[in-house]
Structures are given as C-alpha cells and as structure tokens.
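Participant: Residues per chain, in single letters:
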Amino acid sequence: MEWANQLCENRQFGSKMTDSKYFTTTKKGEIFELKAELNSDKKEKKKEAVKKVIASMTVGKDVSALFPDVVNCMQTDNLELKKLVYLYLMNYAKSQPDMAIMAVNTFVKDCEDPNPLIRALAVRTMGCIRVDKITEYLCEPLRKCLKDEDPYVRKTAAVCVAKLHDINAQLVEDQGFLDTLKDLISDSNPMVVANAVAALSEIAESHPNSNLLDLNPQSINKLLTALNECTEWGQIFILDCLANYTPRDDRESQSICERVTPRLSHANSAVVLSAVKVLMKFMEMLPKDLDYYGTLLKKLAPPLVTLLSAEPELQYVALRNINLIVQKRPEILKHEMKVFFVKYNDPIYVKLEKLDIMIRLASQANIAQVLAELKEYATEVDVDFVRKAVRAIGRCAIKVEQSAERCVSTLLDLIQTKVNYVVQEAIVVIKDIFRKYPNKYESVIATLCENLDSLDEPEARAAMIWIVGEYAERIDNADELLESFLEGFHDESTQVQLQLLTAIVKLFLKKPTETQELVQQVLSLATQDSDNPDLRDRGYIYWRLLSTDPVAAKEVVLAEKPLISEETDLIEPTLLEELICHIGTLASVYHKPPSAFVEGSRGVMHKRLPARTGSGEGTECPDVGNAAGGSAPESAPSIIPSQGDLLGDLLNLDLAPPTTTGPTPSTSGMQMGGMDLLGGGLDSLLGGDIGGSPAMGAGFGAAPAVMPTSLNAPVGGGLGDLFDLGGGVGMPMGAYIPPKTVWLPAMKAKGLEISGTFARRAGVIQMELVLTNKAMSVMTDFAIQFNRNSFGLAPAGPLQVLTPLGPNQTIEVSLPLSTVGPVMKMDPLNNLQVAVKNNIDVFYFSCQYPISMLFVEDGKMERQVFLATWKDIPNDNESQFQIQDCHLNSEAASNKLQGSNIFTIAKRTVEGQEMLYMSIKLSNGIWVLAELKVQAGNPNYTISLKCRAPEVSQCVFQCYEAVLKN
Amino acid sequence: MINSLFLINPSGEIFLEKHWKSVVSRSVCDYFLEAKEKALEPEDVPPVIHTPHHYLISIYRDKLFFLSVIQTEVPPLFVIEFLHRIAEMIQDYFGECSETVVKDHMVMVYELLEEMLDNGFPLATESNVLKEMIRPPTILRSVVNTLTGTSNVGDTLPTGQLSTIPWRRAGVRYTNNEAYFDVVEEIDAILDQSGTTVFAEIQGVVEACVKLSGMPDLTLSFMNPCLLDDVSFHPCVRYKLWESERVLSFIPPDGNFTLMTYHVNAQNLVAIPVYVKQSISFFECGSDGRLDVTVGPKQTMGKTVEGVMVTVHLPKTILSINLTATQGSYTYDNGTKLLVWDIGKLNPQKLPNLRGSLSLQAGAPKPEENPSLNIDLKIQQLAISGLKVNRLDMFGEKYKPFKGVKYITKAGKFQVRT
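From first to last, the protein sequence lines stand for chains A and B. Residue numbers for the first sequence follow the working numbering, so the first one is 1 and each next one is one higher. Residue numbers for the second sequence follow the working numbering, so the first one is 1001 and each next one is one higher.
Everything labelled a hint here was simulated from the structure, so no lab data went into it. A quick note: this is a predicted structure, and the numbers were derived from the prediction, not measured. Cβ coordinates follow ideal geometry from the N, Cα and C atoms, glycine included. A hint or two may mislead.
Partner residues aside, some chain A positions facing chain B, computed with beta carbon under 10 Å [claimed, not checked]:
(1) K52
(2) G60
(3) E232
(4) G234
(5) A301
(6) L333
(7) E336
(8) Y349
(9) S588
(10) H591
(11) F881
(12) Q884
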C-alpha cells in the first residue's frame, strides 16, 4: 500500500513537472510543512523539499529558519541533493554561524573523497561560507587541495584562496597560501595557471604595494604558453596580468606582441579588448620605423571595427575605449569613419558615443561626409542626440578650418528651422566659432538676434549675451537688447547674471555716453541685491575698476582674448596614458583613473606607458627619446574647456579649466598674465582699502569667505555693511587649526628646535613649521622627508628655507603636502614620522596630525546617497562617543564643523533631541558618516560614526572634539 | 569579479537573484530601476551604472534585463559577455529565454548559475560541459526521474572541463555522421534619399551543425578567403594555420556552434540587392501628407529576393493613414506609429508599391524629423560577398560523413533615409 501511495504522489509531481509549483505554496504554516518534509524518511520527498526551500530562497523569501533541517540532509551520497544543500548553506551560514559549524565535519570528510568532483565541490563551497569559525577548519583541506593530483581540484582550490583572503587576509598570509598560489603559475595545466592568475590579481587589488604578481621573463613565458590553451575567461585574466608587465627592451616587447596578436581574432570581445590593451601598451616601446610597428597598427583596426557589430552593450564599452585609442593613436582608425555613422535605431548611449568619435576622426579629407551626416542627425527625433549633433557641427568648424564656412551655413540653416532646442544649441556653438575665427562670420549676428526671444536655456542666453557684449559696437540696439534681459535679472541663473554683468560693462566701455544708467543699474543689482558671492565680487571688481581707472578697466575687460584651439574635450595626456593602460576596465568606461572612483583603492599604483628602450643602440633613431613619453610639449594639443566652463569664468580670461593642468603653454601663459594683470591692478586700486593684507591676493581665486575678513575698513557706501552681513549669515568659519607644539626639542637635535602644526587652507594641506636655531653655528641645507604613513602624506615640494639660519634666528616655513605618497598603516593612525636634515645631521621626530586636515571640500554627500550608505555599512562598523561640556547650539556646531569640511546634510528633531546627520570625505576617498545628538540644555553630545574603515572613527571623533571645543 | 545577478522583467520586478559572494541587498537595483524609468525605451538603459558602492552592468535581451553587481575593478566586457552567455545557456537548456521558462525551472537555473561561476570567476560556460554536469530537462526524463529517484545532476567529472579541447566531450557516437555548414551574411547599410550608399558592410557568420563520432579533425577551405577583412573564430580553430594557409582547421564541438564570424567592409564589394524609391512629404499648410514607396531588385546575382519587409516609424503627430499596397499587406499600429509593409517575394516585372495619404493631428505642425525606412529581406543560396566554401576534409576518423553547405543572405541593419 505504501508503495502505491508513493507512486501516486510521484505522479502528482510528474504531472506538473515544473518548478513554478514551488511558488504556489503561500499559505500560512509553509515553513512548518517544509520542516516536516525535510525530516521525511523518503529520499525523494526530502529532495523535493530542499528544492522548494531553494526556490523560495531564489525569489528572496527568508527560509533561514529551516537551517538545522536542511543541514541534516547534507550527509548523502546523492550529488544533486548535496549540491542543493550546499547552495542553501552558502546563502544562510553567515546568519547562523553556530549552526554552520555542524556542517564542518562533512566538508572535511568530502575533501578526502575519492571522487575529485566531490573534493572540488567541498573546498569550493567551504570557501563561500563566510564564517570565521569555519575558515579555521578550511586551512588544512585547502592546503591538500592546492596540491591535489587532479587539476580540476587544484584550479578550484586556487580560487578558494582568493575567497579566503577576502574573509581573512591575515590567515592566508600566515598559512603561506600566497606562495603556494604563486607556485601554481608554473602548473602544467593551463586552466590552473589561469585561475591562479585570476586569484592573485584579485588579491593584489587589495594590496596595491605587494609584489604578488612578480612578473619576470620566465613567468611571462609560462603565461604566454597557457594563454593559447586555457578557456576564454582564463585568457582575459592572463592578458590583463600581462598588461602589468614592463618588457626589458623592444625585442621582448615585440615577441610578446607577436604572441598576443592571435587573440585579436577571438570570438569573445573581452578577450579582444584585453589583447588590444596589451598591444597598445607594448607598442609604445617599439621604434616607429620598425616594419613590425606598422603591421601591428594595421592589425588593430579590423577587430575594433568588428566590436561595433556586436550587441549594443558591448558596442558601448568598445566605443568608450575606442575614444581613448583614437586620442592616443588616431592613425589606427583614420580610414574607418563610416563605421561610426549612426543608425536611427541604435540605443541613445551608442549614438552619443559614436558622435564623439566622429568628431575626433574628422579631418579635411572626410569633413564633407561628416557634415552631411551631422546635418542628417540634426533632424532626428531624440532631443539629446540632436543637441549633440548641432554641437558637433560647431566642433567641426573649430577643428577643420577649411570647413568652417560650410559649418556656419549649416548652422544657419538649422537656425531657420526654428526648432527651439536646435536654435539654442546652434547659438552656443556659434559663439565658439566667433572666438576661433574673429572678424570673419560676424555678418550672421543679425540672424542670431532675431532669435533672442526664443532662448530659454541659461547656456544659450549666456552665449547670446556674450555675443551682444562682445560685438556691442556693431549691434545698433545692443543697449536695448541687454536692457531687455536686465528686467528679470534676479530670475536668471548665475551663468546668465555673470555674463550679463560682463556684457553690460563691455558695452559701457565701448559706448560710455549712452549706457551709464544701464551699467549703474546692473552694478547695483549685482552688488546690492544679490546674495551670490561670485556675482557680488565680480560686481565690486568692475565697480572699482570703473570708478578708479576707466583706462585700466578697458585694458582689463576688453583685453584681447586668447584663441581657442582646434581640439576640444581632449583628455589630458598623462591621464590618457594612464587610461590606455586600463583599456577594457571600468576606468576606461568612465575616463577616470581607478584611484578616482574605485572605493577604498587608495594607493593604487598609477600605471604608465613604458618608455621606449632599444635593445641595441644602433636600432634607435635619434629623435626616439623625444617622442617616447608621447607627451612632448610640442606634440601636445592644447585644450579648451567644455562649453559650460567657458562662460562662468571671470572676465573670460582664465580659460584653462582647473582639471587640465597639462602642458598648455599658450593658454596657461595667458591665464597667468590675466591673473597678474588683475592682481596688479587691484593692488593699486584697492591697496589703501585693504590695508595691505596679504590674504587678499592669496584668497582671491579661492574661497570667497576670505574676502570679508580681509576688508577691514569700511569701503564706500554700504560695502562694509554688506560684507559684515555676509560674514554673519551662513558664512562658515575657517577650519580648525591646532596650536603649534614643539615636535623636536633643541636638546635632541643639536640645537635645532622644530615646532609646528597642520592646517588645511583652500584645499591644500600644509605643514606649518617654525625652525629655531638654538645652536652657536649657522644652519643650512634643510630638507625634509616623511616615512610611509596611513594616508600617503608626502611633501609636495622641497622645504623652502632659502637663507641660512643664523644662531638664535627663527624662521616660519609652510610646506604644502600631497596625499599621493606611499601608504602604510600607522599606530595611532594619524602618526607621522618625519626626518629633517640640515648641514649638521639628520633628525627624526614623530607627530600626530588632526585628521580633519584630510577632510576634503567635496565631502557633502547627497541625502539619498547618505541614507543608502548608512544602511549599507554594517552595524559592526558603528562606534559611539561622548563629547562633554560643549555649549554650542546645534546651529553653531554645524557651522563650526562645516569650516573643517564636516558637512551637515540633514537635521531632525525627535523628542527634544536634535539629530544632525553629517558626512565627511577623506582625501583617500573614504567616507565617514556621522549622527550627532544634541539635547537642549545638556552640554554632552552623543556622536555615532559609521565608516567602512572603522579604524578612522577614533581619530575623527578627536577632531570633532577639537573643532567643537575651540 | 561578478558579485550578484538579478533577473528583472520589463515592468521592473526582480524574479531571480543569485549571489556568488556575500549577499548584496536587492535594493541596489533601485538605481537601475531609476535609470530604467528615465529611459524612453528599455533598450536605452545605459549598460554601466555607477552607484555609491557598486557598479551595475546590465544587458537587455529577450525582453529581460540581466543585471550584475560588481564591487571591484572588473573588465565590463567580460561581465557583458558573461551575461549574454547566461541568456544563451537558458535558451540552450529550455528552448527559449523568458521569465516563464526561468520560473518554471528556477532550481535548475540556480544550479546552473552556480556551476557557471565560482566566487565570481567563470567556471564552466561551455554548453557541453554544463550538460554533462546538469542534464537538460526533457519530458521523458522528468517522468523517469520522479519515478526512479535518479537525478539530473551528473556525478562524474565532466571530461571537457580539463582537456585542452574543453569544447568537446569524449566518446561521441552517431549512427549517421553528418556535418552541415550555413554561411549566413547580413548586410548592414545606410542609403540616403537618392539611393546612394552612405555606408555598407557585411557581417558574416559560419554556423555549423556537426554530428560526428569520435574525435574528427576537420579542414574547411574557401575559394576566396582574401575577401574577409576581419575574422573571429571559435576557440577550436587553429589560428596559425589560418594565418599561414587561410584554411580553417579544427576539432569541432559536438552539435551546433558558431565556427567563425567575419566582416567585409570594403565598400565596393558590398552589393546592395534592392533599391527603394520613396517619398514621404507633408504639405506646408494643412494637415496632410503623402507617402509613396516602391521597392525593386538591384544587384541580386540572378537570385530571387524574398521575405521583403519595410518598417517605418512614422512621426508622433500622425493621426491616421490611408494607404494601398499593390503587393503584400501592411499593418499600422497607431499607438507606436509603426508601419510594417510585408511584401514577400520581389517580382522584377511588377514592382511592389505602397502609396496613400497621411493625416496629421489637427493643428499639429509639420513634423520636423524624417522617418527612416528599415528594410528586411532574404536571398537563399547566395552569400552576397561572393564567399564560397571550397571543400571540407576530415582526418582522424575512418567513416565517411555526409557534408553540406548552405548560403543565405539577409538584411541586417539596412536603413534608407528619407
């Protein structure tokens, strides 16, 4: 009878036969029922029950309550059941660590099983159970499996080392697994080699300075052999690893390239792109006159083109990388313009990327084709794409001089369509064309003016206003036009306000008689009715210029502007070099170095392209050395900032955006000139008022908060009042700077006494030192060096003690610091060991810096991100502190903290308690989130800090205390 | 490496999650869903999204989003390729890739995902290796399994897993030994208003269906291999021999696989098999327009063009259309403004024509954009590039296999601008 029952039941199962049945049981007591089934004697019923449990788990239901029952099913010779139980274990072991221990014995036993599949499965699963207690038991089986006779087990064990490292890095090092892993690179089986490389690469990522993947010609040779035989995924790991190697000379470089080239024909696009990375990097070392160099260049184009016929997501990544490649080596794809033509049903993200590359490849030879395409795109449906197409036409005009006329007429055609956003974009780009080709196309101004009323976007309005101001003498009714904008001055965006101010001042300087009233109006709007510090400052500068010395004003405001150069939006050469080394990675998609955005990857080694080195002197051509870096100044194209930055900048003179500090000789020269001109002019203009305070000059380009403090005397009608007001409202106070302490007493340093402190001024970390010579003889030749420290602090320049320090003399020096030095964790975390040298000896001392000087200015997190991050950081990482005897109210506290770049993001009041939520970003990218509880009348604050790197919490707390109490 | 996978349907519901490292809360998908809301079409969701602590890399395929979560610097192409591999695996195992199929086989999909990735590193992605470890479902096997209690999971080490030819299992036996190759070429082209080719290239692929016993070693040669601009091979192809002799030499996987893909982008070699005469115009005033499209054969090498279909996305402001087709039939969806004209075979004597009037919504301005026409077509027994297989030789086995080659040309992304 029982047999019949079972058959009946099985039929039932058989009749539905799909897993969707597992989702139908939603009634109460489901867990209870499953429990009963799991404990059933019948094997089949057990398996079905485990399947149901797994199914619930996969859709996100919580079935952790069944843990003991499921683990009981683990002892089985049925492989499928075993695998299912393992799946369950991996998911829930973390939440039930004590129960998970129950499973250990079975694992250890399975690692001895005669079947290699079981051995591998056991070691693989064990590594996935992220419970500390279990990892201890894992070591012995893992050691055996790493030396297993079966390569399948070895390759699984290799990955397991990476897993274990993720859970407990120290354990992996102590147990010597890293060395075993390194040995596996020489394994006879290519799959084992590939996995060992993958595991080591992953481990190396969290140990940037360790020399885990110690590549030498022998190991490279082994990797290249394995490359031919391992799976496609293994090939990716090996190629990415090869890319980190620097060949000794051009011969080795060539031989590696030759062996990597066949990978360009792989069906897997990731293999292809990784191969491209290796080739792009190693090519750098080949002499350009080598035949092979040319062959290699030719071989690179077809695979890149082929990537563009793959799925759109692959195309996108390929296009982002091609964008880098064409900047580095335009010759590779110069004949392939057509493959970047846009198809109307490409996804928008592909369209935009293609457009970008089309502009990069545009040249005199193909400009006609490109323009025809762009005109076509300008009539498409997608607004973003159309806008970008219109901009692209402008960029063509600037890039290819011969085409400028055609571009302008195309743009005029487009303006005639009267499609609002097309007109606005066209005006924005025409402004740039005017800049590039002065006095050539101004005849179109009339057409532009017709469209004045339809402009509703700030950028277009600002561009139009710039044009009107710049060519005021040619536009009869320029004053009327500008006046019409002035009516809604306060509703305009800052960009437009600034531009309007400048334009009217220009107009006034050109036609002073008719426009006096207008200029007064705009100056008073900008200075007295606006609370925007930029606008106010610019207003005051003009005001003073105009009232003190109109001639100088004319020289400054109407100065000849530097020409903008042909290439736009180029990536700065050193960054480009680094990105070329990261082809195929996320960095290449975002066009940012990995250190800028991969969380916690502080101290990531900046990769550089290798320099060209000849193996024999004879082969080297004389100019090779010059071209080696690829960043030789004469070949570096100069850069203009993207459109957005152009207008906002003061007086349109400081044209280089802050990010591109590359070799831009012409523009940077002008920029300096501009600053000097202003600085000099201002000194003479405002000298008396300022009282010679040096802060004025220094703080000029930096935080406007410095301005009010430096203007001590009342200056002109109501000015002082305004500034006072500014100082009182919302103006953050300066960062907290601890008082100077004696770091090195004279007794210990043969008469040299050093005291000092640290400060963060305008985003720059400074070590402020006072050197006193208490000895009898003169001291010279000072130099300073830091030991490796937790945050990579290092002097950004030499110690500037230019004159010898005589006996009993004291000198104050401030040393700017950078945070890109070598990193080593110190105890305490903020400890800094310093060596100072002079003509007498070398002295060592150590000091502790306030961690607040590492708080960066952009540490204000978005509210939403804050919430998500707060939730995301495990509770174990939270630490609580008490700040006693603090008598500030929450407002004052928040203001005070903001001065040290501790930003209050939100505030809420719960039962008389005020809760402040704050964020801090450290210079190495670590975020610290804080919750500050302030109770009215209670001088004790409670502060909770959450951070992914909880070891910084103590230091951060100390800063809070220091800032709030000082 | 890859941390987690989420499968998401078009309405934004997560119906499967798999974690290969620690569990990542599914709330991370909110960033993706936000981007999805912003995108006009599901195809437009950006494939790489940066969130404060993770990267989300996704593909849209078979009306499903495959979303992976990664935490460290990983090659995005690697992730995207892998996601496509998952979709192919589901297709391969269950005949189609859809939400229903995944839900019906939830546990098996989960087991498969576990086999495909270990700690985020790819483990077994070759179809034949997977199938040895986890047998694909068949109706018969499910019945047998439930009756006998045997399982779908193999308990021997898959042979392909470690050999230097992981794509082929040992001990293959067939009573009929056969090897068929399909040369499929797709024409990607953009033609402008006047019919001039703006851009054209051919994407070719050689699909193979090889059912041969033992360890056959095949050599396939072409009459004119110099046509091919860029080639990508299945890992089984010996690259050195291709470099030196321009022949494909390989030990094939068992069953269906893609032997190679290639590219012909020398413009003069790309024949355009049809021409399209079209005009879509709107009157300056009033609310009417006209559409007139004629399709005719051009360079067809004497073959018949069939399966011709013209698709047009009409402007959003169209109210209704009134057209007549001299051949085939057309459908028009007023919601999506999609006009599809299914022509069928092209008869050179009597050219198919579609014409009639378009009316705009009252008061709507003349549309700014010009709709493009998308052309579909098929030509049997012709590889439009002229590529021809010369011969196929087999070594290593004694029997004589059946061999066959088929050619077909299709339109890929074939667009005509108006």
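Participant: Does each hint hold? Answer for all of them.
Facilitator: Against the structure, the hints:
The beta carbon of A:K52 is positioned within 10 Å of a beta carbon in chain B (closest approach about 9 Å), and the interface hint is therefore held. Taking 10 Å as the C-beta cut-off, the interface hint given for A:G60 holds, the closest approach to chain B being about 6 Å. Nearest Cβ of chain B to the Cβ of A:E232: about 6 Å, under the 10 Å cut. The hint holds. Evaluation of the A:G234 hint against chain B yields a held restraint, the C-beta minimum of about 8 Å falling below 10 Å.
The beta carbon of A:A301 is positioned within 10 Å of a beta carbon in chain B (closest approach about 8 Å), and the interface hint is therefore held. A least Cβ separation of about 12 Å between A:L333 and chain B goes past the 10 Å threshold, and the interface hint is therefore violated. With its C-beta approaching chain B no nearer than about 8 Å, A:E336 sits inside the 10 Å limit, and its interface hint holds. About 5 Å separates the beta-carbon of A:Y349 from the nearest beta-carbon of chain B, less than 10 Å, and the hint is met.
At about 8 Å, the closest approach between the beta carbon of A:S588 and any beta carbon in chain B falls short of 10 Å, and the interface hint on this residue holds. For the restraint placing A:H591 at the interface with chain B, the shortest Cβ-Cβ distance is roughly 12 Å, beyond the 10 Å limit, so the hint is violated. At its closest, the beta carbon of A:F881 sits 25 Å from a beta carbon of chain B; the interface hint therefore is violated under the 10 Å criterion. Hint on A:Q884 is violated. Least Cβ distance to chain B is approximately 33 Å, over the 10 Å limit.
Consistency with the previously given hints fails for numbers 6, 10, 11, 12, ordered from lowest to highest.
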